[in-house]
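Asker: Make the full structure from the sequences, and use the hints.
Per my numbering, residue 1041 is the first one in the sequence shown, and the count goes up by one each step.
One or more of the hints may lead you astray.
[As the list claims (entries may be wrong)] Dumping the calculated DMTMM-like pairs for lysine to aspartate or glutamate here, alpha-carbon to alpha-carbon at most 20 Å:
no.: 1; residue 1: K1615; residue 2: E1818
no.: 2; residue 1: K1304; residue 2: E1830
no.: 3; residue 1: K1363; residue 2: D1742
no.: 4; residue 1: K1185; residue 2: E1201
no.: 5; residue 1: K1905; residue 2: E1830
no.: 6; residue 1: K1360; residue 2: D1742
no.: 7; residue 1: K1264; residue 2: E1085
no.: 8; residue 1: K1360; residue 2: E1749
no.: 9; residue 1: K1364; residue 2: D1834
no.: 10; residue 1: K1491; residue 2: D1563
no.: 11; residue 1: K1835; residue 2: E1822
no.: 12; residue 1: K1617; residue 2: E1699
no.: 13; residue 1: K1097; residue 2: E1186
no.: 14; residue 1: K1546; residue 2: D1563
no.: 15; residue 1: K1835; residue 2: E1903
no.: 16; residue 1: K1395; residue 2: D1221
no.: 17; residue 1: K1569; residue 2: D1642
no.: 18; residue 1: K1264; residue 2: E1214
no.: 19; residue 1: K1395; residue 2: E1085
no.: 20; residue 1: K1395; residue 2: E1072
no.: 21; residue 1: K1400; residue 2: D1429
no.: 22; residue 1: K1494; residue 2: E1521
no.: 23; residue 1: K1061; residue 2: E1072
Keep in mind the hints are simulated off the structure, nothing from the lab.
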Amino acid sequence: MSNPGVRSNANSPQGGKNSLKNPWSRQINEIEDELATDGKNGLEEREARDRLKKWGKNLLEQAESKSLVSILVHQLKNVLTILLIAGGVISLVFDKILEGISIFIVVIINTALGFFTELKAVRKMEALEQSTSMETVVIRNGNLKEILAREIVPGDLLSLEAGMIVPADARILEESRLKVDESILTGESVPVRKHANSVDEETVLAERTCMIYKNTHVTRGSCKAIVIATGMDTEIGQISTMVKEAKQEKRTPLERRLQSLGRKLVWLTLIISAIVGVMGIFQGNPIIVMLEAAIALAVATVPEGLPIVATITLARGMWKMAKKNALVNKLSSVETLGSTDVICTDKTGTLTENKMTVRKLMLSDRVVDVEDVKDGEYGYLTVNDDSIDPRELDSLHELLLSVVLCNNARMATGNHDPSTGNDEGDDHIQEYIGDPMEVALLVAGEKAGMKRTKLMEEYPERREESFDPTLKLMATFNEMEDDSYRIAVKGAPKSVLDACSHVMTKNGQESLSRDEVEHMLDDNKNLAKQGFRVIAVAKRTVQDLDTYPYEDLTYLGLVALLDPPRMEVQPSIAKCKNAGIRIIMITGDQGETARNIGKTLDIIDDSTEETKVLHGSVLDDTSDDSNDLDNDNFSGKIYYRVEPKQKLNLVKRLQERGEIVAMTGDGVNDAPALEQADIGIAMGQRGTQVAREASDMILEDDNFTTIVEAVNQGRIIVDNIKKFIYYLLSCNMSEILVIFIAMLVGFTLPITPLQILYLNMITDIFPAFALSAGRGSEDILEREPRDLNEPLLDKNSWIGIAMYATVITASTLGAYLVATNLASFSSETSVTISFLTLGFAQLWHVFNMREKGSSFFRNEITENKYVWFALLGCTGLLFSATYLPGLTVVLSTHDPGLIGWMILLPCSSIPYIAGQAWNSMKWMPRVASRT
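Answerer: Written out as structure tokens, the structure reads:
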């Protein structure tokens, strides 16, 4: 999410139609003159209304909501559905009413399933968007006035204080102890100290300390500021524009493969129909016979069940992911996760907690590690892995006491511990308000039993020296029982040490030598290199409340803070590595911090990978050499100080190399890359509106591990889709061969078009759906991702399909010949026997889809309860087709009698027997079930 390096340009918000150019580098009087406003009294109401009419409301353009029509059209935009519609139209044109209606029923069912599943996801994501009408305070006509944030205009004078959201980009006029959390825009988890002094024109966004930006929030202090940009001309609006420019109609690998398969089936239909037509002409067959054969071939060629089963499979995947808190907005996005090669992930808030915590306390003679345990336990402090009680170590007690006293954070009111009935939540449930770093210090002290509320009663605060950005120090004066005052000081290590004359040791207070100061500064540098934010702490006891606080202090130690990695992320990253998925961490933070987090999470795991930690500027490379697959600039594992444009460049370059890219993020600055990625993944709880709108999937629990579950589900889906397509095409090709060979040798059609449609719609769909609901292989996350250019079915798969289809065809035609020539059945009964033989052969064929090397009796097919339900149901449907009055008339079937059943059952078992034999031969082509 981080973005400390955004620079404004001619098209930036600070140079837009209703904004001021480079206001951070200009003097306040210049800004007032150019915006025609009064830095004391603000705008007049009339002028504000005129500007609102001229420049519009202070709103970001909303993403266009998906209409019902667009969702519907999306369901119809694939070759197989179009082919089905064409087949239905042709049937109706040539008066084949039943066939035509049946085909259109297939289209309607498939379209409805996809439509309502996708509609539900769209509506749920729309519900995530917060449609609040935020209010803010401005000064107009010299008076404070509360107005809707959308009514703010350039030149308005804002009056902000702690807890308020910044409603527009503004230049600070005056401030008091102002700190602003800009993590939504820059990714920095620590609030930024702001002031009114101008900075250099080339200063990057994160360092423009005289500016405040739309949608950031004030964590401390107050300010007055002149609005210089609103709406789409703000920094956040500029990023929103980048998102819109990156928008594209993304087609997933599965969609591309299904479209390719559909085109092949179209050509196959045309070629076979042409061959049959030419043969019919030479044989002198009547036109009506040839038309019936052509329709039968068209129906046989198109796997009518494929769109329905694919839709149900993806919908089921969406449902399962939603149960695991992964909300997918489009069916096809489910599959994309299974093909993902690279996950580009933001650091702050995604891999880390986005919450500062104290990790080390460096005293003069020892280092105390701070562990994350339950509140109220002393075991959280350790020295060389041995727990210590801070009450038994004076130097540690003094340090913790000072950071609690010299602190403006506080516990939120209304906390309640249900287990104790304590309304203050002393032991368990605690929430804090204030600067995240001060909250972390407060929590560290309170875990040691130093409750600020109680300490403030014992040591009431009588004076505070607010943090001075020049001195980089803060101090408080707290009264003690003997009427003296304890000065508690914290700040930058060098600044604190410069004010110290003594140091607290295990022997008490001693003089501080120059060598000791240098040693402590070295400790500070080493901690900073490890990615810690470091402050120093000191104290002094005085009698006079007016004493200057920053001299003759006693040094207590260093406090090292860190935005810690999420506990659950490391095993998730390990799973991704096992799955052949590269993890790339992207951050706006400093290199040392990024490297430390990367090592902790095993994104980089040894010194040889240090070269994979790169500055974001390398991603600006747009030369021809940058397209080289071996270009190291785009082969990093960690990128730091990254700008939005650089994130976008990285995603684009990875895609150009043929990789399927997933991008996670929650901030506004993540949005362009989220939109560009093959699958953008936004955080649901802390994700911004812009980020969610740009994403394909939302993690409702903001949990990185949910991505791994989604990848696992995506791979299972691809694996299962491949299985049922293999199954369906085996069945369809056998139907084609039955008709083609019959026409070739001059037989009458051994099966009618409506019977083929019945098989395709009834007896094929349910076994295929059962295959789609398989549990998947246990090692599915230990495989390499599928190659983007790998076809849905490889050469061996097509050979296997042809072999199975040939055996099913031979069995069906064999049963037809025996019934016609040996048993002397009527033509109608013989057709029924071939119809049932083909139907049961296809049912038993589902058992041939088991994994290579799996047990004959115990495998994922035999242990799939849906397979048995499908076989039982389809057997009933075949009997219904043979004996149910009315249906027998529609399908032109007759009772085959005992002899007929004795012919068709053995014949229909031949493909199953042959398939099991083939599966036992390692050299035989098999269904490739690897994703």
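Asker: All hints, please: hold or fail.
Answerer: Hints and how they fare:
The hinted pair formed by K1615 and E1818 meets the criterion: a straight-line CA distance of about 13 Å does not exceed 20 Å. Using a Cα cut-off of 20 Å, the hinted pair K1304 and E1830 holds, with the two alpha carbons roughly 16 Å apart. About 14 Å separates the Cα atoms of K1363 and D1742, which keeps this hinted pair within 20 Å; it holds. Restraint check: the Cα-Cα separation between K1185 and E1201 comes to about 14 Å, which is no more than 20 Å; the hinted pair holds.
Only pairs whose Cα atoms come within 20 Å are accepted, and K1905 paired with E1830 is rejected, the gap being roughly 31 Å. Restraint check for K1360 and D1742: satisfied, since their Cα atoms lie roughly 17 Å apart, inside the 20 Å limit. Between K1264 and E1085 the alpha-carbon distance is near 18 Å, which keeps this suggested pair within the 20 Å criterion. Distance restraint check for K1360 and E1749: the Cα-Cα separation of roughly 10 Å lies within the 20 Å cut-off, and the hinted pair is therefore satisfied.
Between the alpha carbons of K1364 and D1834 the distance comes to roughly 33 Å, so the proposed pair goes past 20 Å and is violated. Of the pairs offered as hints, the one joining K1491 and D1563 is violated, with about 29 Å between alpha carbons and a cut-off of 20 Å exceeded. As the CA atoms of K1835 and E1822 are separated by approximately 24 Å, the hinted pair breaks the 20 Å bound. With a CA separation close to 16 Å, the supplied pair K1617 and E1699 stays within the 20 Å bound.
The straight-line distance between the Cα atoms of K1097 and E1186 is roughly 16 Å, inside the 20 Å bound, and the hint therefore holds. Of the supplied pair hints, the one linking K1546 and D1563 holds, its CA atoms being roughly 19 Å apart against a limit of 20 Å. At most 20 Å may separate the alpha-carbon atoms for a hinted pair to count; K1835 and E1903 exceed this at roughly 29 Å. Taking the CA atoms of K1395 and D1221, the gap is about 12 Å. The hint holds against a cut of 20 Å.
As the CA atoms of K1569 and D1642 are separated by approximately 18 Å, the hinted pair is consistent with the 20 Å bound. With a CA separation close to 5 Å, the supplied pair K1264 and E1214 stays within the 20 Å bound. Under the criterion of a C-alpha separation no larger than 20 Å, the hint pairing K1395 with E1085 is inconsistent with the structure, at around 42 Å. For the hint pairing K1395 with E1072, the CA-to-CA distance comes to about 38 Å; that exceeds 20 Å, so the pair is violated.
Pair hint K1400 plus D1429 holds up; C-alpha atoms about 15 Å apart against a cutoff of 20 Å. With a C-alpha separation of about 14 Å, the suggested pair K1494 and E1521 falls inside the 20 Å cut-off, and the hint holds. The hinted pair formed by K1061 and E1072 meets the criterion: a straight-line CA distance of about 13 Å does not exceed 20 Å.
When held up to the earlier numbered hints, the structure conflicts with 5, 9, 10, 11, 15, 19 and 20 and fits the remainder.
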